[in-house]
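Student: The primary structure of each chain is shown beneath.
Protein chains: 2
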Amino acid sequence: MIPILTAFDASPDRGRGLARDTRVRWALEEVGQPYEVRYLSFAELKEPAHRALQPFGQIPTYEKGDLALWETGAIVLHIAETHAGLMPKDRNARAQTIAWMFAALSSVEPWILEIESTHFHDRGQAWGADRLAQAENRLRVRLDDLDRALGGKNWLIGEFTAADILMCSVLLRVKGEPVLDERPRLAAYLARGEARPAYQRSFAAQLEHYQRRHGAGS
Amino acid sequence: MIPILTAFDASPDRGRGLARDTRVRWALEEVGQPYEVRYLSFAELKEPAHRALQPFGQIPTYEKGDLALWETGAIVLHIAETHAGLMPKDRNARAQTIAWMFAALSSVEPWILEIESTHFHDRGQAWGADRLAQAENRLRVRLDDLDRALGGKNWLIGEFTAADILMCSVLLRVKGEPVLDERPRLAAYLARGEARPAYQRSFAAQLEHYQRRHGAGS
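Chains as they are written, first to last, in the numbering used here: chain A, 1 to 218; chain B, 1 to 218.
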């Protein structure tokens with residue numbers, strides 16, 4: 001049975017791969033699981049039919065037979081638990097993987113989103129630059145911790161796991177920005193993630209839809 | 001074997017129960033699992049010994065034999081998966097529980113933390129009031145979605161699960177504030193959570209330490 005994801009029909013990031021369906025696509029590509037995508041307009045996201053699947057009216061969702069799942073972290077965890085390749089069997093390694101999955105979404109991404117939110121809401125406001133500096137300082141502390149924890153390892157717990165899908169996807173939000181480039185080990189970690197064929201396929205798939213929908217030149 | 005948590009020796013919330021060890025205590029109380037607590041000073045949190053357990057130098061951690069775990073969501077999920085009472089056996093109900101666990105920490109709490117961060121960092125700044133209004137408006141949208149999803153149910157998926165521990169703990173951060181009180185169903189949901197004997201015991205345990213350490217009158 002082929003799982004069905006939902007994704008933005010018109011991703012606000014214009015195909016840069018930052019919409020969260022890319023994270024689920026990446027997980028499915030890593031485990032070799034084909035999938036289908038149901039694309040939704042912004043209006044459809046907020047309609048009762050979709051809210052019955054996703055209470056906050058967001059993407060992605062994941063349907064497979066009578067299983068309906070939402071929240072990217074929960075979906076990626078489900079994929080990792082039901083396919084080989086993304087979740088170590090060793091009890092402690094599995095625990096660390098799940099801890100890093102929550103950490104990516106709860107302890108790193110919110111600090112990046114606060115910066116994005118400041119860019120979006122406070123640009124042009126008198127307080128914008130001060131707010132941004134504050135938020136960036138807080139993110140630097142977190143990224144220093146992450147850098148120290150990664151150390152010389154290729155992946156968060158050594159081998160590649162579902163946690164790296166989420167953490168690399170979070171770091172993609174600051175790709176090319178000083179806060180990442182000033183930490184070469186983290187930048188190299190992200191580059192390793194992006195270089196994986198499964199990531200490349202997931203990125204290409206979301207971009208292909210965007211370009212087909214909006215024209216390659218848009 | 002008795003699990004060992006870490007908690008603040010001097011909780012910054014002065015025993016209000018908002019430090020995240022309370023969430024883990026609550027889960028352990030619900031399943032009837034005794035535990036011990038190792039209290040850490042702010043300096044100890046940032047030392048290598050603790051960072052080896054928790055890369056971001058935070059509490060709580062959870063150690064049981066050779067298992068070492070961190071991130072509140074991962075710890076509560078582990079407790080729910082290894083004890084009866086917090087995780088439904090039905091595959092779909094389990095999936096929904098895990099989705100709501102991630103939702104509490106990734107889709108609701110960050111919006112509340114942004115308000116707390118604005119209070120803390122921007123108080124007295126010229127932009128403080130504007131920022132606060134923006135952040136509160138965004139939280140209202142999320143809480144309306146949550147209110148609609150909860151509907152007339154007692155708990156998020158009907159029966160009480162680990163997801164309610166996390167969601168009620170997140171909502172405790174806005175207890176008594178207009179953003180919660182204007183949504184009576186959510187306020188009643190939180191009150192049901194607080195009324196559970198297991199929550200009461202977890203709250204009392206963290207307060208007891210705070211008072212013993214700092215004097216009941218502080």
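There could be a bad hint or two in this list.
Same chains, same label: a pair holds when it works inside one copy or across any pair of copies.
[Claimed, not checked] Pairs of lysine-lysine, DSSO-like flavour, derived with a Cα cap of 30 Å: (1) Lys-64 <-> Lys-175; (2) Lys-46 <-> Lys-153; (3) Lys-153 <-> Lys-64; (4) Lys-89 <-> Lys-153; (5) Lys-89 <-> Lys-64; (6) Lys-64 <-> Lys-46.
To be clear, the hints were calculated from the coordinates, so they are not data collected in a lab.
Student: Run every hint past the structure and note whether it holds.
Tutor: To see whether the hints hold, each was checked on the structure:
1. Lys-64 <-> Lys-175: Neither. Shortest intra-copy (33 Å) and inter-copy (38 Å) distances fail the 30 Å Cα cut-off.
2. Lys-46 <-> Lys-153: between (42 Å within a copy, 21 Å between copies)
3. Lys-153 <-> Lys-64: between (35 Å within a copy, 26 Å between copies)
4. Lys-89 <-> Lys-153: The answer is within: 19 Å in one copy meets 30 Å, while 37 Å across copies does not.
5. Lys-89 <-> Lys-64: both (24 Å within a copy, 18 Å between copies)
6. Lys-64 <-> Lys-46: within (22 Å within a copy, 44 Å between copies)
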